[in-house]
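Novice: Listed here are the chains, written in short residue letters.
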Amino acid sequence: MTTAVAKEQENYLNNSYGLKSWLLTRDHKRIALLYMATITLFFFIGGAFATLIRVELLTPQGDLVSSDIYNRLFTMHGIMMIFFFLIPSIPATLGNFLIPMMIGARDLAFPRINLLSWYLLVVGGLFALFAMLAGGVDTGWTFYTPYSTTYSNSWVIATALGIFVAGFSSILTGLNFIVTIHRMRAPGMTWFRMPLFVWAHYATSVIQVLGTPVIAVTIILVFCERVFHIGIFDPALGGDPVLFQHLFWFYSHPAVYIMILPAMGVISELISTFSRKAIFGYHFVAGSSMAIAVFGFLVWGHHLFVSTQSVYAGLVFSFLSYAVAIPSAIKVFNWTATLYKGSVSFETPMLYAFGFIGLFTIGGLTGLFVASLGIDVHVTDTYFVVAHFHYIMVGGAIMAFLGGLHFWWPKITGRMYPEQWARLSAVIIFVGFNFTFFPQFILGYLGMPRRYHVYPPEFQVLHVMSTLGASVLAVGYLLPMVYLAWSWKYGPLAGPNPYRATGLEWKTASPPPLHNFDRLPVVTREAYDYSTVPEEVTSVG
Amino acid sequence: MWVFLITEVMFFGGMFLAYIVYRAAYPDIFALASSSLNVYIGAANTAVLLCSSFTMVLGVRAAQLGRQKALAINIVLTLLLGFVFLGVKAFEWREKFIEHHVPGPSFHFAGVAMQGPAQLFFSLYFAMTGLHALHMVVGAGIMTWLLINSIRGKYTAEYMTPVDIGGLYWHFVDIIWIFLFPLFYLIDRHLK
Chain B
1 MTTAVAKEQE NYLNNSYGLK SWLLTRDHKR IALLYMATIT LFFFIGGAFA TLIRVELLTP
61 QGDLVSSDIY NRLFTMHGIM MIFFFLIPSI PATLGNFLIP MMIGARDLAF PRINLLSWYL
121 LVVGGLFALF AMLAGGVDTG WTFYTPYSTT YSNSWVIATA LGIFVAGFSS ILTGLNFIVT
181 IHRMRAPGMT WFRMPLFVWA HYATSVIQVL GTPVIAVTII LVFCERVFHI GIFDPALGGD
241 PVLFQHLFWF YSHPAVYIMI LPAMGVISEL ISTFSRKAIF GYHFVAGSSM AIAVFGFLVW
301 GHHLFVSTQS VYAGLVFSFL SYAVAIPSAI KVFNWTATLY KGSVSFETPM LYAFGFIGLF
361 TIGGLTGLFV ASLGIDVHVT DTYFVVAHFH YIMVGGAIMA FLGGLHFWWP KITGRMYPEQ
421 WARLSAVIIF VGFNFTFFPQ FILGYLGMPR RYHVYPPEFQ VLHVMSTLGA SVLAVGYLLP
481 MVYLAWSWKY GPLAGPNPYR ATGLEWKTAS PPPLHNFDRL PVVTREAYDY STVPEEVTSV
541 G
Chain X
1001 MWVFLITEVM FFGGMFLAYI VYRAAYPDIF ALASSSLNVY IGAANTAVLL CSSFTMVLGV
1061 RAAQLGRQKA LAINIVLTLL LGFVFLGVKA FEWREKFIEH HVPGPSFHFA GVAMQGPAQL
1121 FFSLYFAMTG LHALHMVVGA GIMTWLLINS IRGKYTAEYM TPVDIGGLYW HFVDIIWIFL
1181 FPLFYLIDRH LK
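Those protein sequences? They're chains B and X, same order as listed.
Note that the first sequence covers residues 1 to 541 in this note's numbering.
Note that the second sequence covers residues 1001 to 1192 in this note's numbering.
Just chain X, same shape as in the assembly (with noise of 0.2 Å):
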């Protein structure tokens, strides 16, 4: 898992390469473009995912422990979280459509004279997240069959390796959103 983690870093960092670029390209645009992403719902999620992650180390000290009903529960309450993650994203990037900030034909950022880079900065924004959320539907779903497995009692003090590792590929997406979220909403927000 720590190998498919790697590349999985490296997946991520080309994107992130694409963002350095760009900002430094066009510092303002961007800071601009940040200010108009909700910093609490932002702030918000990732205390979410922060939680979720934390529910996971107590499921796989549970699973070392033998406990599957600690286990189980833990996994739950990381699934349930999330799930919240998620469901606040869908609302955060409906009120982006609202807004036309949506890359393509209607994007429309007030503000600005190019809209070139206000609609990268929101390209980048959507690839991003979107990957992530992905790898968070994933996520999910390897969560759900540790779930249904240690509701089954196959997780032992002995043999509990899928729960490690699942839990290792769940702090890793919490890893990446703990990056993309001073990255796209924190932008010169401390000079505001």
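Extracted from the complex, chain B is given alone in its bound form (with noise of 0.2 Å):
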């Protein structure tokens, strides 16, 4: 590993200075760190959000909070966690700034309104948090009507603007990653031969590119329903309420696609490199994420379950439910497959990797419990329902972020990071994560409320567990924040390839010159293809 040489050479950080080449940029990498800031401050608002409901369910009281506050707590926590966190997280960032390179291209297709996606996110961060400020919402993120329409004196229509504007933002970025893999993959570059980080990609965008105008449109709609009293989820004046519902959680379940799919891309990618396997099945891994995106599409009455919903749409709706869970189970049994006589070796990455197959797995199967019309009868609206998504949504999804994020650290800063602290972050992580939602499958089962904090007393020590868990959590998402900047100025330099990894991305310097390539690759290739060992190359041409 040749320093000197490193250092001095022209990479996309140090081609330009000043703050007017970032706020104007049209680099995909660029863009990519401008959102990794913006989305850890939305991280860390939700989070603080989150730290006063844990600690206000120390208490079988309501002492901390007035009931008026905690509703506005735990919407917020929502809004801010996955509008303006889960959703851009890891597309914003690892896709923006991996696609190009992983396809061979110089940039995205239009790097123009790759910025404005940005931009529009900012803007809409920066509504949701003027309502935040000014006193928040309290209808629940979900903000059914007609509480959210008629009767809550809250920052409705701000929050929900903040959220309009930054679903455009989703919508264009869904819209430049298709264009891109469809037509700036370079020459060898074929569809199976796409890292399936891209496959991910891909079929979040498609998810992306059609649910998000239906929110746009619910928005608008309780916008006008809120403002001019039109009547259209208002059963007095002939509107229905459960007609918001639908149109609310047709977008809202295939959200949750668009928050695990990426993820799912990235750990495709972990276990590969770290069992210096290809990935077993690929065909069948590719074609997964599109089911997953069509199926996602279908599924969307299973949040209606109590609503009113006929008995037979809920039946439909339950098997469906099951169905979605089948592409899932594909790509888990493939990654396990992977493994098998691989060479497996335990870097932080690959920490992070284990701990999300462990969570998701755990989240998907109590997936299925609620996705069963009985059991869903009981455990809804109950920290069963809580526990389950956020073991998808923090132990998977924030998970694959983390290990994505620290495997292609060294490509993204030309630095590595200290590996000790990393292994020992996940671990926290990981032991914190269980402590606090673990428990909550059992509360919720024992019948605990969610979105209540005044409960019975039997159910404080469940709640002390979960709050401890929380704190041991915190510790773990603020330790990276330390190493990791930490190490952008004086961690060991990486060289282009440090985990010998296959993929168009680890054949350019690291950090990246600004287009990519010197050369534009022809591929001929396979995708994770360890039959000819890369070696760890010390100098790029």
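Source of the hints: derived by calculation from the structure; they are not laboratory data.
Please note that a few of the clues may not be correct.
Partial selection, computed: residues in chain B whose CB lies under 8 Å from chain X [as the list claims (entries may be wrong)]: (1) Ile178; (2) Thr218; (3) Cys224; (4) Phe228; (5) Asp240; (6) Leu247.
Per label pair, the in silico range of CB-to-CB distance [stated by the list, open to error]: (7) X:His1100 <-> B:Asp63: 48 to 54 Å; (8) B:Tyr322 <-> X:Phe1004: 32 to 38 Å; (9) B:Thr142 <-> X:Arg1067: 51 to 57 Å; (10) B:Phe223 <-> X:Leu1080: 28 to 34 Å.
All of these numbers come straight from a predicted model, not from anything done at the bench.
No residue lacks a Cβ here, since even glycine has one placed at the ideal position from N, Cα and C.
Hints are included, so try docking the two chains, each in its own frame, into the full complex.
Specialist: This is how it looks when you write it as structure tokens:
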């Protein structure tokens, strides 16, 4: 590893300086970093709300905050985390950075639209932040009618507008990715030679493009209802509040697949690299991403099991919800099969990948519990559901995000993070996470309702355990902030391919030059071709 | 642009769903409310938009053949027809306002016991034609930009992509209106 040469090489970070070069950049790599900073901020704001929630739940009485404030806390936690952190997270940061490189392109198809997407997220986030500082929203992140349209006197419209604007960020990113993947693959990069990370993002982009407009129009209708009292969701005027639920969940269920598919793409990359083996069943994993995208649009009614929706509809949605679990299971089986007879090593990204597989499996299996009509009637609106989706979104998506962040950190920054601190953080996160959310399964099953801050004293032990776990989890999230930032300046320089992984992104320097490749690659090998072991390259032509 | 148009389909689709739900729930009131809209003006507007799509097609063809002047003239015609549509729409809305058919505190639809469903019809009418009109304004902006560029001679037979995709967008907005017109103006019209 030649340090002096790497330091002087021109790359996307040192080719221009100054605020304008960042705020007006068209470079997908810089835009990815802009997103990274933005979503980290939103993550910690959402985390602050979570902290307040967990502290309040230490005691059975409502003593830290009033019920009204508590309503605002969990609402804003959900809104921040879902719309402003999780949905952008992997696609806008890792996806933006890596997809062009992975397919051998110099940038995305529409670089300026990419920058616009970032600005839209920032503007949307500022709207939502303004609403939160002005007093917040108390409707729950699902802002069901008629409470949100008629009775709530909180900042519904400002928050909804923020989500509306951020939704366009999501749509444009999806559009960009679709066009890029269709039109800008390097010679020889056929569809079935693409890394599974790219397949996952393609499926995600399809969902973003098809689903997000529906919540956009739903927000417009809520806006009209709230401002003009037109009665579209108001029974007194002939409207139907359940119509809102259908419209809302028609987007919001596919939205959860927007949150998990990119994570699964990351895991495919990590498992393959750290088993030094091609992903078992590549075609099935690629196809399962598309299947999840399609099936994900057919199951929204499982959020309406107790909403006066007919039992017949409930049966159909329940059946389809079981069906949508199958592609996810295919992935888990294929990842496991990849490990078999692989040369497995336990670097930090792999620790996160293992954590993902375990926690996503638990989350996914409990998803089957709630997909079953009978069980769901018992556990709906309890902490069981809360635990289920946190296992997937936090235990799954966020762990995959951190794993991917660590894996590609040397590519992004040209530096390696301190391995032992990183491993320690991964373990802390895993332990903290399970202590936080496993008790919530039990709580929910025993009847603890969600969105309540006053509860019977017999639940306190489990709540205390959950809050203690959350404290540990918080430490686990703060540590990477510190050591990753430290490593950017003081970490050891990384070469182009420190993990000896396959993939076009590893064939260029770390950090990459402005236009990604000095010469565009021609692809002749399949994805994950470890038959000829990539050597650690010391310099790149 | 095709991908973007798919998102637009989903966008309008949500409102179409609301329309379907409420028309199925209140078919008679919807029919009655529909008959209060002026079908002749609506039909004329439809013809205007169809002609504007035709002139747009002529413009795209002109661009393909590298005929700059024809391109510019056709874009101007498309723009003019678009403005005619918007003007007629504004006139229609004003009529509705005078008749107290605008949802809100002064809404009153004569001839029905329950005002709610009638108000729903008009809410959907204003929301959907309003959203459509908004898209037309954006379309007018795109046409203006295309016009300026075509006068500057920027589009040749080799490079006319912006004209192509601008045309796509215009046709899409036109097609939305083709759906809106019968759904709002022609409910049970054949039974009268």
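Novice: Against each hint, give a clear statement of whether it holds in the structure.
Specialist: Now the hints, each set against the structure:
1. The closest approach between the C-beta of Ile178 (chain B) and any C-beta of chain X is roughly 5 Å, which is under the 8 Å cut-off, so the hint is satisfied.
2. Because the closest C-beta pair between Thr218 (chain B) and chain X is about 6 Å apart, less than 8 Å, the hint holds.
3. Evaluation of the Cys224 (chain B) hint against chain X yields a held restraint, the C-beta minimum of about 6 Å falling below 8 Å.
4. Look at Phe228 (chain B): its Cβ gets to within about 6 Å of chain X, closer than 8 Å, so that hint holds up.
5. Here the hint on Asp240 (chain B) is kept, as its CB sits about 7 Å from the closest CB of chain X, short of 8 Å.
6. Below 8 Å, beta-carbon pairs count as interface contacts, and Leu247 (chain B) has one with chain X at about 6 Å; its hint therefore holds.
7. Between His1100 (chain X) and Asp63 (chain B) the C-beta distance comes to about 53 Å, which sits within the given range of 48 to 54 Å.
8. Judged by the Cβ atoms, the range 32 to 38 Å given for Tyr322 (chain B) and Phe1004 (chain X) holds: they are separated by roughly 34 Å.
9. Here the CB-CB span from Thr142 (chain B) to Arg1067 (chain X) is close to 55 Å, well matched to the stated 51 to 57 Å.
10. Taking the beta carbon of each, Phe223 (chain B) and Leu1080 (chain X) are about 33 Å apart, inside 28 to 34 Å as hinted.
When held up to the earlier numbered hints, the structure conflicts with none and fits them all.
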